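K.L.:
The lines below spell out each chain.
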Amino acid sequence: MILKAKNIRKSYPTSIGSLEVLKGLDLSITKGEMISVTGPSGCGKSTLLNILGTLDRADSGSLEIEDQLVAELDDEHLSRLRSESIGFVFQFHHLLPEFSVLENLIIPQRLLRRAEVDSRERALELLEKVGLSERADHRPGAISGGERQRVAVLRALVNRPSVVLADEPTGNLDVDAASKLMEMISSLAGDFGQAFLIVTHNPVVAAICLRNLKMEDGQLISSPEK
Amino acid sequence: MIGFESWMARRMLLSRKKVGLISWSGIISILGVATGCFALIVSVAVLNGFEQEVRNKVIGFETDLRIMAGDDQIDMEQFASLEFEPGIAAHSPFIERKAVAISSNDRSLVKVKAVEIGSLQSVYNIEGIEITDSPNNKAQVYVGRGIADRLGMQESDRLRLMNPLDNQLYLGMPSVLDARVAGVFETRILDFDQTYVFIPITAGQALFKALGQIDGIDLRLNHNAEKAKLREAVHSVLGEGVTVSGVEEMHQTLFQAMKMEKLGSIVVLSLIVIVACFNIASTLTMLVMEKIREVGILKAIGFSKARISTLFRMQGIFIGGMGLVLGTGLGLLFVSGQERLGFIRLPEAIYFVHSLPVVITSRDIAAIVLIGVIVIALAIHFPTREARKLLPTEAIQFEK
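Protein sequences appear in the order of chains A and B. Its first residue numbered 0, the first sequence is counted upward by one per residue in numbering that gives the first Met the number 0. Its first residue numbered 0, the second sequence is counted upward by one per residue in numbering that gives the first Met the number 0.
Chain B on its own, in the form it takes in the complex:
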């Protein structure tokens, strides 16, 4: 029977009698909902795309999992039993502290990360640098592009790293590492290029007076690694005193901000759908006004209140549904086209990607469609209720 009512609703909506204004209003409503849904799909896809790019880059530099020593030191011999755990692709022990970097031109506060230099590419995804034959030579350091520019340095220049924090000045001079810049790296992520200097772990232990000690171990995982299981394995081997954190925990504020930005965009862009749905409500109200006499006739020939509601609801669903399908469809087409062809290009020097990144998940699509359906349902409800309430005797005598 829904087929019959749907047929009637379509005919009533698309009939040509005195409905020019309503047709236009209907078309505008459809376009409004379509625009809102399109904007929602595209903006969510772009935000997802950038979030994924940032996440990948951050994970690239910060690694997939970080084990941090607690009150007790990490026992590397115990960790050795984890090295061959499936899922762990590479690892590097590290010490991370602040120090003063001094070049012949200037000086600056930097973060020094002492790692196994051989793991710079495999663990930290540092590209575009050449690892020297003797990677743990303490004279070889790798500095971020921002630091190099700030201190006016380039490859092969001398750099002095000074650690004033682990020394009490009145007891002696701060420890110092005289090094040579073996490479300048560029990640273009957050402030890493302005902050980090990589040095060999042994040099770091000497600089920070932590011989035989490490702050933690960075783990690079395989794609199919199960993080939860690995966390359990780490705790069972190294004890509950160590902390294991992923990139979301390391940069909680950043990822929280990106989530909030996405939520904010959805809320703001939903307003387009809501405004478009006001249009649907006014179109349907005009339709009900236009069809008052017909409602009376339909009631006289046996249409119940529920069926009258269904007739107008179907017309609302037709308008809203067309907009929803059109907007979502065009949005997905745009996202899919951008994903495959990358037709919107971006200046890579500014955005670190060559084309607008887009990612849309079925969960996002479901959420956007759900928002559309709820708003459309509310827009349909009130005019439909008015049509249902019309008295047949008054409706039949209604003068248009």
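Here chain A stands alone, though its shape is the one from the complex:
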């Protein structure tokens, strides 16, 4: 088990009182799993990803990632956990605009004190794998939306995390680019053995995942087995 969330609750204050988004949610993720989470807008999918990715804290409940109880970790250790064990893919690529594609893949590795030469080698290897070697020295602004999103996936994978959390990764792409991206994710997931938790509205994306969950009334409900 690489991630175990138990009885997660989260609410937000609103002008008409407190809005409870997650109501005692449970989730376990094992190595190499590909899970999709679907649900209507505003049902709390992104909130769930933020809490599982330790970017936000739950009001109550427990979250364990690789046997570490998240609530007990300070900012330094949480950051280390994010760097080592969690990869993020956002709806918008969110690459660092001041740095080249290659540098965007080097930076997360350098955080783990990997030598610059090794980091560069690993980044180039990944770019080669997805056919983006020629784009290595381009800034994110100089490549297409689909390419940016593929680089964003590579950034999430570059430190070989245990789990990648993807929030609408194809939400901003056309059908063709979305399909290419999902092919790439499936292929890389097979190669590196990371678990993927993908929040999506796209049924094609959900169909690629072996386990499908639906968010309803602040809970995750399993969709029927395929």
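Rather than coming from a laboratory, the hints here were simulated on the basis of the structure. None of these values were measured; they are calculated from a predicted model. We put the CB at the ideal spot given by N, CA and C, even for glycine. All clues given are correct.
If the Cβ cut is set under 8 Å, some of the chain A residues that face chain B in the computed set are:
id, residue
1, Asp74
2, Glu75
3, Ser78
4, Arg79
5, Phe87
6, Phe89
7, Leu95
8, Glu97
9, Phe98
10, Pro107
11, Arg109
12, Leu110
Here the structure of chain A is known, so what remains is to put chain B in place on it, guided by the hints.
P.N.:
Using the frame of chain A, we list chain B on its own:
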């Protein structure tokens, strides 16, 4: 790891995306700090330079150490044992009192300093005068340029010095010295040229009715003389009743005023650095605003709050440091150039020096750099703290 963060900070600061305004603001901040540091270095150097010139001139006239008799008279025989003390280059016993100088044109109150005339150059650095063959001839006196002008006198003119203070008028006439002006000297220091008349010690003792007595002894020291040791030696030979003072003690007000002037200049000119640092703070705040989303992304990929702070701190240090190094460097270059080449000339008749005097010590440089570092650190602190406090979830969703 600092190298990695420094590299990132530099790239974030100097990147070309949407940062025209920030780049300009950064450049203005750098120039602001540089101007402040340059002004501080140059003004401190000039104040030091003038202070040293004044000190040298004052020491030249007033001598390095002055022994003053207390309640008991100074015993010259006892002092003789000090004459060969290493460090003492020359000495002269003296009497210094006020008197009225009367020429054929006018009269004026002056300070009469009765010394061994042969020591005028060696002890009092009086230049441009010729000592006559019989220096202690009581008819020979040397007057300051100001007194000579005031009384309309020149060399060889007659001058009468009258001492009304040591006589009670109802008991007799005040004592008088009829003299001939043997030389007119010009020190251009304080009011010495308007005040002093030098006469031979024996003539002074007669004029002031102090036969066999002196007020004190002026000592001219060698460059390597240890003043503290000499003071001890003087006290051990002449007793604790005598007072030994250096030029700072003799002109305490003057040197205190120069110190205050220097301090005032540092405080006022530091304001330039402080204003420039407001610029750094606003540039960094703009940078933090510009990079809010990036801060969220960096936190998502594993940057801790401390590392985020370091990234922005480095950018502040880069801006402030560039200004500090540029300003201090240019300031030192200017000072060094002026010291060697003297390219800023001054009218010697007014300022008594031919070029702008500059002196800078490593202590001054350290103090100026420290002021810069403290002000820059304060300017960096607040924007950095704001960047640290940003919540990653809100930062990532931030719409620019």
